[in-house]
Structures are given as structure tokens and as C-alpha cells.
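Enquirer: Below, each chain spelled out in residue letters.
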Amino acid sequence: MKKNHGIVALALLSAGTLALAGCQQGSASGGGEDGDGGDGAVTLQFQSLSDQPGAQAAVSAAVDSWNADNPDVQVEILQAGWDGAYDKLITQFTGGTAPDIIHFDAASIVPFASDGYLADLSDGLSDEVLADVPEGIWDSVTVNDQIIAYPSTMQSYMVFANADLLAAAGVEVPTGDSMTWDQLREIAQATTTADVYGLGWGLGSPAATVMTLAQGFGGDFFSGSGDDVQIEVGPNELEVPERIHQMAYEDASLDPVSLTQSGSDVLASFYGGTVAMTVQGSFQAANMAGDAPEDLNWVTLPPLAGSEGALQAANPQTYSVNIDSAHVEEATAFLNYFASGETIGAIAQADALIPASTSAREIVATETGGENGWDQILASADGLVGAPFLHADAYAAWKDTVLNPALQQYLGDQITADQLAQQLTEGWG
Amino acid sequence: MSAATAAVATPSARSARSRRSGGPSGPRQRAERREAIALVIPALLPIIVFSVIPLAVGVALGFTNATLARNATIEFIGFDNFVKLAGDTAFWNSFGIGIVWATSVAVLTGVCALALASLLNANLRFKPLTRIIVLIPWAMPPVVTGIVWRMIYDVNSGPLNAALGWFGLGPVNWLGDFSTALPAVIVVGIWSGLPQTTVLLLAGMQSIPTELHEAAAMDGANGARRFWHVTLPGLRSVLIAITSIDFIWNFNDFGIVYVLTEGGPGGRTMIPPLFTYLEAFRNREIGYASAMGDVLVLAILLILSVYIVVQFRQQKEGRS
Amino acid sequence: MRTSPRVRAGQYVLLAGFLLFLGFPVLWIVSASFKSSAELNSLSASLIPNEWVFTNFTEALERQNLLRSAANSFLVAVCTMVLGVVLTLPMSYALARLRGKLRAAGTVWILATQVFPQILIIIPLFLVLRTVMLNDTLFGLILVYVTFTLPFTLWMMQGYVAAIPRELEDAGAMDGANRFRVLLHIVFPLLRPGLMATAMFTFVSAWNEFFLALVLLQSPELYTLPITLRSFLGAEGQTQLGPLAAGAVLATIPSVIVFGFLQKKLTGGMLAGAVKG
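Chains as they are written, first to last, in full-length UniProt numbering: chain L, 1 to 429; chain Z, 1 to 320; chain B, 1 to 277.
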């Protein structure tokens with residue numbers, strides 16, 4: 001008797017499960033389509049991360065016109081987001097379902113190249129496209145002598161200043177091609193008052209900024225590539241953190257609280273007039289144009305130059321081709337088409353980023369007229385170069401577990417520069 | 001450990017049953033066993049396919065040199081990963097922070113939830129409204145949890161410092177200061193776990209037969225006594241279950257911590273699963289990362305088994 | 001059962017403290033959803049926006065396919081909840097009341113799933129799903145959610161089952177009711193509060209889950225709400241705070257409604273009847 005009831009219960013349960021399953025299958029099957037259409041046309045999946053409406057429109061426009069011109073090779077946009085993009089991609093690659101064309105950035109895509117997932121574009125990209133982008137930027141997407149991505153747009157770190165506060169302190173707004181760190185220090189000291197810090201710098205996660213600006217002093221950190229990379233933390237590498245430390249704790253002209261904040265937190269202080277200058281990613285110029293109070297008279301200062309010049313590490317956004325794609329050639333052909341000055345220029349303007357290619361840079365210069373700081377921002381692009389840390393295999397993990405914590409401790413005045421160097425060296429490998 | 005739990009968890013049940021059916025392997029026992037299997041079978045297939053298999057693969061990878069590279073070859077390398085892990089000081093150093101973090105959040109959440117659930121179970125006004133308000137943080141998408149708390153803790157424009165300012169205190173750089181970062185993050189952990197724990201305890205309180213309360217009240221027990229002698233014993237199994245799971249979840253979840261502080265300042269909030277993530281996904285050394293996972297499993301089970309055995313032993317002593 | 005006024009007052013003060021702690025961040029997000037981008041990026045810290053703007057909501061609704069992903073999420077969350085409850089109820093009873101190897105295996109499995117870092121299971125899981133052709137489908141996602149929430153719901157429910165006095169069942173059995181009836185009419189009603197809490201848990205988990213959905217779904221038209229919400233977090237930390245807050249506020253509403261509905265059942269006060277029945 002009891003046994004029967006057990007079986008009845010079981011049958012009911014499984015029937016319920018199946019019924020639910022059935023109703024679901026119907027609605028889900030409408031979803032994922034697979035690679036190739038039935039009519040002989042090739043369909044390429046293009047995973048795009050662009051999130052600004054203007055940039056999405058530019059991407060769509062390029063894809064639509066390509067699709068119209070190439071009925072045999074149709075490109076389908078898979079819109080994804082920046083947040084979690086790396087985790088999604090690594091699962092896709094490992095699971096063998098990665099899209100054909102992949103949008104990302106150099107530092108994040110390089111590991112996939114080292115692991116052999118990306119096609120070499122050296123031969124597939126046209127000479128025009130190759131010539132349009134400066135050598136230094138190609139370096140940042142070259143792994144084992146293979147070009148593994150087309151670099152599109154990038155940012156630089158810029159100094160933004162409150163012109164009224166500078167004027168009140170009797171400081172002239174610097175002009176010229178670049179500005180030295182000493183100049184920055186002087187202006188910060190001059191503009192510091194009882195209520196105002198000369199400089200606010202959002203260095204809560206200091207790694208990216210420090211590694212990028214270290215190029216200006218020849219701070220390479222790494223030599224070698226792949227998994228055989230040596231670290232060296234010498235005076236060149238320590239120059240940037242030491243100068244920041246000096247401004248914060250010797251001169252008291254840099255707000256030490258800002259060193260624990262994010263860039264956008266410090267932007268609020270800049271808008272509120274409690275800091276005279278702030279170092280930010282160049283894209284923040286667009287946000288300032290929208291969010292800054294009407295009466296804030298902000299200007300972009302010339303690019304920061306170290307002993308080696310106004311150099312910064314270039315970490316461009318990239319477009320790569322999946323090596324396991326059934327249609328690598330077609331995908332590369334699409335990239336040649338996509339890499340036009342108009343498309344990249346439009347994406348750059350929408351994202352407030354610097355185009356990597358010369359032609360797109362010219363278009364942006366003309367269309368913006370250099371307004372809202374674009375003149376200085378575009379000028380800074382000449383100093384953007386590839387950097388060794390982009391090619392060090394274990395960089396990402398070292399950055400999070402060693403570099404950021406050690407820099408936070410140093411910039412929080414908890415350890416000395418020597419201890420910083422020691423921690424960085426011992427934490428590697 | 002599970003065997004120990006099973007043995008101590010149902011002492012009364014067992015004695016009742018053997019009295020009734022006259023022996024451990026009577027016909028009734030076999031019937032119950034069949035019944036149990038029937039009750040479990042419907043879910044067994046998805047469990048095996050989507051849970052047991054990936055889990056077993058994950059555990060086994062710890063004994064291999066697997067990477068996520070294209071066409072990577074996988075070889076069994078025995079305990080090499082574990083030997084290497086033994087010398088990984090950064091990983092072990094983060095253990096201390098992980099245990100402080102997970103224990104504080106689990107214990108404090110448990111205490112707060114017990115108090116809050118009792119309040120919600122008492123005959124106070126606006127009960128339906130307060131019960132919903134309490135649940136809203138649970139319903140909020142986790143993506144905004146970190147963002148909203150960063151706004152609240154903000155040194156310059158945060159309401160917390162503004163409130164302190166009224167009393168002439170502060171400002172405190174909650175998430176940026178080396179001494180306040182971990183406590184500040186623990187508060188957020190409690191905030192996001194409290195609603196769920198409260199509901200589960202509230203449900204537990206609802207399941208305690210009212211007769212027990214009435215009987216205790218007739219014996220002249222006041223509110224506090226009834227809570228101690230009726231509510232708490234009745235909630236014990238639920239409370240143990242929920243605090244252990246809170247502990248595990250918080251120990252394993254670097255999400256909240258990472259969003260708030262990215263492990264900073266100076267590594268003060270870096271917990272072990274972050275290393276697992278970085279090793280697995282960023283360094284693509286999934287074999288080594290899985291070895292870390294295996295070690296985490298052992299460590300947590302060790303801690304939990306002590307807790308659970310102690311708890312149930314007390315329960316047993318309390319009864320006899 | 002009378003409570004002294006002083007104790008009562010203390011209870012209200014404590015409750016108010018909890019409500020402030022739990023509710024204030026929610027209010028802050030709601031307030032942020034009505035603030036302009038300029039105000040959000042200023043040093044002001046007021047709960048009441050200086051100037052009320054509604055563009056965050058229109059922007060959230062228009063730009064990111066919020067409604068389509070909300071529909072996907074709702075489907076996934078409801079199916080996960082129903083399947084989860086249907087499977088949890090009998091299994092938890094079996095797990096709590098019976099012993100032997102089956103129970104031990106179940107307990108080991110439950111704890112192992114919770115303790116082993118999820119990040120390490122993702123890739124094997126993805127490969128399994130691909131083998132059975134369920135990657136990039138909502139059905140696959142539902143099955144994954146059900147199996148991933150099941151350990152916790154079982155773990156909790158067996159706690160509730162263990163709290164039910166065995167004598168109640170025995171009393172039922174002595175009245176001559178068979179075991180199935182005892183389960184249906186005595187045990188399950190007693191489990192209703194726990195079951196409602198379980199249902200809330202599965203609904204909210206599925207509704208808010210981000211990571212599995214992120215890696216398992218590839219087609220934008222299948223995206224669930226958390227994926228869409230995250231798209232307001234741009235590259236380089238360029239968070240669009242206003243629309244994100246607005247989206248989050250909208251995303252909270254369905255869960256709160258479900259809570260309100262289940263909550264009533266959670267506190268039915270039906271125990272007195274159950275014992276006599």
C-alpha cells in the first residue's frame with residue numbers, strides 16, 4: 001500500500017517536472033542561433049562591448065553597410081557589457097563557443113593570445129590599416145611577433161585644472177607641448193590653501209595609473225615576455241610613486257584622502273572647488289563638459305612629461321579574431337573594413353577616447369575643433385606606447401594581490417619606498 | 001563529519017522508531033528506505049549532471065596541471081599543486097582575514113537576525129509594513145549593494161560622515177583607512193545577509209507550536225524566559241543550519257568585498273577565494289586554483305564540523 | 001502573555017534601529033535614481049534631490065532592453081521557484097527523517113557544493129551544458145539554478161523538518177492515516193512557513209543571479225535583468241549611476257511584490273489547527 005503511494009508521488013513529481021521542462025523548451029529555443037545560415041551565407045558573430053549610444057550606433061552603421069555590401073558574409077552583433085567581459089570570454093574560449101570577432105582591450109586580450117586563442121592578423125590586415133596606426137601602439141597588441149588585434153581607441157591620463165583657482169594663486173596656466181612633474185608640483189604647492197588642496201588624485205586602485213605613467217621615466221618593471229618575465233624595481237620604476245608620496249606627505253599639496261578614492265569621487269571634489277587640479281583618465285573630459293557646475297572654469301593642462309618625455313603606456317581597446325573561427329579570413333576582411341577613420345572616429349567621439357589611427361584622430365580633431373580639452377588630449381596620444389607589463393603573463397594576478405596592496409600601503413604612508421620595491425619584487429613569480 | 005551529524009541529529013527519532021518497529025531492519029525500515037529513494041529520484045538526474053559531475057571534475061583538477069590554454073594537455077601530477085600551495089604565503093596570510101570576515105558576518109548576522117525575527121514575531125504595530133521593509137535589501141540587485149554603500153561611506157559626500165558631522169565628529173575615511181576598512185565591509189556583509197537570515201528564522205519561529213509557548217506562559221515564564229527555553233531550543237537546528245551556511249557563503253564570496261575595496265587598502269580586505277579566482281581565471285592555472293579550492297573545502301569543513309558537533313552535543317546535553 | 005510598557009518601548013526603539021539600518025541604503029538608491037548626473041557627482045549629500053529628474057528612468061527603460069531582460073528574468077525566476085519547491089519538499093523530508101548511506105551522501109553533496117568555490121565549477125559546468133546542448137538557453141539556465149539552489153533549500157528545509165516533533169506524525173499514524181496522508185495533511189502544512197521562505201530564496205536567487213547567466217548566455221535576446229543592469233557599469237569604472245539606480249529600483253519591485261505575496265503565507269498561524277487535524 002505505502003509503496004504504491006510512493007510511486008504515485010514520484011510519477012506526479014516527474015510529470016510536473018517534465019511538463020515544466022516542456023513549456024520552457026518552447027520559449028527558450030527561439031533564442032540562440034548558431035553560426036552559419038542555411039543558404040550558404042557565412043554569419044560572423046561580433047561581440048561588441050560598446051556601451052555609449054553613439055558608439056553603438058557607429059558600430060551598427062559600419063556592420064549594416066558591410067552586410068549590405070557583402071551578402072555572403074553577414075556580421076551579427078552580439079552586444080555584451082564590460083563588466084564581467086573577461087570571465088565571459090574565458091568561459092567561451094575554453095568551452096569552444098567564443099564569437100568570431102571579439103572587442104576588448106589590450107591588457108585583457110593579450111593573455112588569450114598567449115594561450116593561442118587568437119588569429120595572427122599580420123598578413124590579413126591591409127597595408128593601409130597597418131600604416132594608419134603608429135608603431136608604438138602596434139607594440140601593445142603584438143604577442144610573439146604576431147599582431148593579435150586591431151587597436152581602436154584609448155585613453156591617457158591628463159591633468160585638469162580649475163583655472164580660477166590657479167589665477168587666484170597667481171599661477172599661469174601652463175602651455176606648450178608638455179608639462180614636467182616639477183611644474184605640476186609647483187602649481188600644486190602654489191594653489192594649496194587652508195581650504196584647498198593643490199591636487200586631488202583618485203588612486204584607490206593605483207596600479208594602472210602608476211604603471212602607465214612610469215613609462216615617462218623609463219619605468220619598465222619587466223623584461224622578457226610570456227611566462228619567462230623578470231621584474232626589476234629600480235629608481236625609474238619608483239619615480240612616479242615617490243613623487244606622488246612627496247606631494248602628499250612632504251608638501252601636503254596633494255589631498256591624501258583622495259589617494260584612497262576612485263577617480264570619479266575626486267571629480268566631485270574638483271567640481272566642489274576643494275582641489276585645484278586633478279589627474280583623470282582623458283575620457284572624463286566628456287563627463288566634465290556635462291556635469292561640471294556652470295561657473296567652473298576648467299582647463300586641460302599639457303601632458304605630463306617625465307625624464308623620458310610625455311610617454312604613457314598605451315592600453316587600447318581592441319578587435320581580435322578567434323583562431324578557431326571557421327572564417328578567419330572573412331572576419332579579418334571585416335576588420336579592415338571596420339577600421340575606417342569614420343567608424344573609429346565616431347566611436348572615439350562617443351566614448352570620449354583617443355583614436356589609435358591617424359586618420360580617425362584627424363577626423364576627431366576637425367569635428368571637435370579641439371574644444372573641451374580635445375586639443376591637449378589628442379596631443380597626449382603622441383606619447384602613447386606599448387609597455388612591457390601588457391605582455392607579462394602573470395601581471396593581472398600580481399597586480400591585484402601584490403602591486404595594488406603594496407602601492408596602497410606606500411601611498412597611505414605605511415611603508416617606505418624600499419619596502420615597496422621589496423614587496424613588488426618578492427611578490428613576483 | 002556528516003555521519004557524526006546524522007548520528008547525533010536524530011537520537012529521539014531513532015529511539016522512537018526502533019521501539020515501534022522492533023529492530024533496525026524491519027519491513028517498515030525497508031519501506032521507508034524505498035520511499036526515501038522515490039522522493040529523491042526526480043531531482044537526481046539534474047543533480048548528477050549539473051552539480052555532481054562538475055563538482056567532481058573541479059575537485060579532481062586540483063591533482064592535475066590543467067590550464068585554460070587552447071589544446072592544453074592535462075596530466076595527473078599527484079600532490080605537486082598542494083606542495084606548491086604550502087609555500088604560498090600570500091594565500092595563507094589571507095586565510096586569517098577570511099576567517100575574521102566570515103565569522104564576524106555569520107555570527108553578527110545570526111545575532112541581529114534572531115533579535116529582528118523576534119521583534120517581527122512579537123505583536124508590534126505596522127507588522128506587514130515592517131516585514132516588507134526588512135526584506136527589501138534582499139530584493140535589491142547585488143550590483144548596487146557595493147555602489148550604494150560606497151556612496152554612504154564616502155569621505156566627503158557620504159551621509160554617514162554628514163551625520164557624524166552633526167555631532168562634531170569625523171570625517172572618517174571608512175573604506176580607505178587601514179583600521180576601519182574591514183569593519184566597514186563587515187557591516188555591509190551583515191546588511192546584505194540579514195533579511196534572508198531573518199526570514200528563515202522567522203519561518204522557524206512560526207513552526208514552533210504555539211502550545212509550547214502557551215504552556216510555558218501558564219507556568220509563569222516571562223518573555224525572556226520563554227525565548228530562552230522555548231524559542232531558542234525550537235530554533236536550534238535552523239539556527240545552526242543558517243549560521244553555518246552564512247559562514248560558508250561569506251568565506252567563499254569575495255564579490256562584496258572586492259566591489260567595495262578591491263582588496264584594499266593594502267590587502268586588508270583580501271580573502272582566500274580572491275586568490276582562487278585570480279589563479280583560475282586570470283592566470284588560467286585552473287589545476288593549481290582547484291588545489292586551492294580543495295584546501296578551502298577541507299579548511300571550512302574542519303571549522304564547521306567543530307562548530308556543528310559542539311552545537312549538537314550541547315543540544316543533546318540540554319535534552320537529557 | 002502581556003508585555004510591560006517599558007519592554008515594549010525598547011522593542012520599538014530596537015525595531016526602528018533595524019529599519020533605519022536596513023532601509024536607509026535603499027532610500028539612498030531611490031533618491032539617487034531621481035538625481036541628475038551633475039548632482040550625483042557633486043559633494044552634496046542630501047537624501048532629497050535638489051532637483052527631481054526622471055530622465056534616469058526613461059533612459060534605463062529605453063536604452064538597454066530592460067523590459068525584455070526583465071521578462072526573461074521573471075520566467076527564469078518563477079520556473080526556478082516552482083521547480084525548486086516541488087523538488088525540495090519531498091527530498092528534504094527524506095533527508096531529515098531517514099538515515100543511512102543515502103543521507104550521508106546527501107549531506108556530503110550539500111556541503112561540498114556550498115564550500116567548493118563556484119568559480120572552479122563554472123568551466124566543467126559549461127562543458128557539460130554544451131554537451132547536452134543546453135548552453136545559451138533559458139531552460140538550461142533554469143536547470144542550473146534549480147540544482148544550484150537545491151543544496152541550500154534542502155539544508156534549510158531539513159532543519160525545519162527536524163524541528164517538527166516526531167510525536168505529531170506518530171499521532172497521525174495511530175489515528176490510522178497512512179504515511180502518505182500523514183505527510184500530506186500533517187507534515188507539509190507544518191512546513192509551509194519554511195517552504196515559503198525557501199520559495200522566496202529561490203525566486204530572489206534566480207532573479208538577481210549574475211555570474212552564471214553572464215557566462216552561460218551568449219545571445220543578447222536571452223539576457224536576464226542582472227546582465228542588463230551591469231551594462232550600466234562601463235569600461236574604466238565609468239558607471240552611469242543615475243540610470244543604474246533607476247534600473248535597480250525598478251528591478252527590486254517584482255521581488256518585493258513576490259515577497260509580499262509569499263510573506264502572508266509565511267505567517268499563517270495555522271499550527272494550532274494542524275495538530276488537531
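Source of the hints: derived by calculation from the structure; they are not laboratory data. Bear in mind the structure is a predicted one, so any value in this text is a computation, not a measurement. Using N, Cα and C, we set each Cβ at its ideal position, and we do this for glycine too. Careful: at least some of the hints might be erroneous.
Said to hold, decoys possible - Sample of chain B residues facing chain Z (criterion: CB under 7 angstroms; computed from the structure):
{"#": "1", "residue": "Ala9"}
{"#": "2", "residue": "Gly10"}
{"#": "3", "residue": "Gln11"}
{"#": "4", "residue": "Trp28"}
{"#": "5", "residue": "Ser31"}
{"#": "6", "residue": "Ser36"}
{"#": "7", "residue": "Ser205"}
{"#": "8", "residue": "Ile257"}
What the hints assert, rightly or not - Estimated spans, in silico, between C-beta atoms of each pair:
{"#": "9", "chain 1": "B", "residue 1": "Tyr12", "chain 2": "Z", "residue 2": "Asn222", "range": "13 to 23 angstroms"}
{"#": "10", "chain 1": "B", "residue 1": "Asp175", "chain 2": "Z", "residue 2": "Met218", "range": "50 to 60 angstroms"}
{"#": "11", "chain 1": "B", "residue 1": "Ala171", "chain 2": "Z", "residue 2": "Asp219", "range": "37 to 47 angstroms"}
{"#": "12", "chain 1": "Z", "residue 1": "Arg34", "chain 2": "B", "residue 2": "Asp175", "range": "40 to 50 angstroms"}
Enquirer: Hint by hint, say whether it matches the structure.
Expert: Tested hints:
{"no.": "1", "hint": "Ala9", "verdict": "violated (11 angstroms)"}
{"no.": "2", "hint": "Gly10", "verdict": "violated (10 angstroms)"}
{"no.": "3", "hint": "Gln11", "verdict": "holds (6 angstroms)"}
{"no.": "4", "hint": "Trp28", "verdict": "holds (6 angstroms)"}
{"no.": "5", "hint": "Ser31", "verdict": "violated (10 angstroms)"}
{"no.": "6", "hint": "Ser36", "verdict": "violated (15 angstroms)"}
{"no.": "7", "hint": "Ser205", "verdict": "violated (10 angstroms)"}
{"no.": "8", "hint": "Ile257", "verdict": "violated (9 angstroms)"}
{"no.": "9", "hint": "B:Tyr12 <-> Z:Asn222: 13 to 23 angstroms", "verdict": "holds (19 angstroms)"}
{"no.": "10", "hint": "B:Asp175 <-> Z:Met218: 50 to 60 angstroms", "verdict": "violated (27 angstroms)"}
{"no.": "11", "hint": "B:Ala171 <-> Z:Asp219: 37 to 47 angstroms", "verdict": "violated (23 angstroms)"}
{"no.": "12", "hint": "Z:Arg34 <-> B:Asp175: 40 to 50 angstroms", "verdict": "violated (24 angstroms)"}
The structure fails hints 1, 2, 5, 6, 7, 8, 10, 11 and 12 (numbered hints given earlier, in ascending order).
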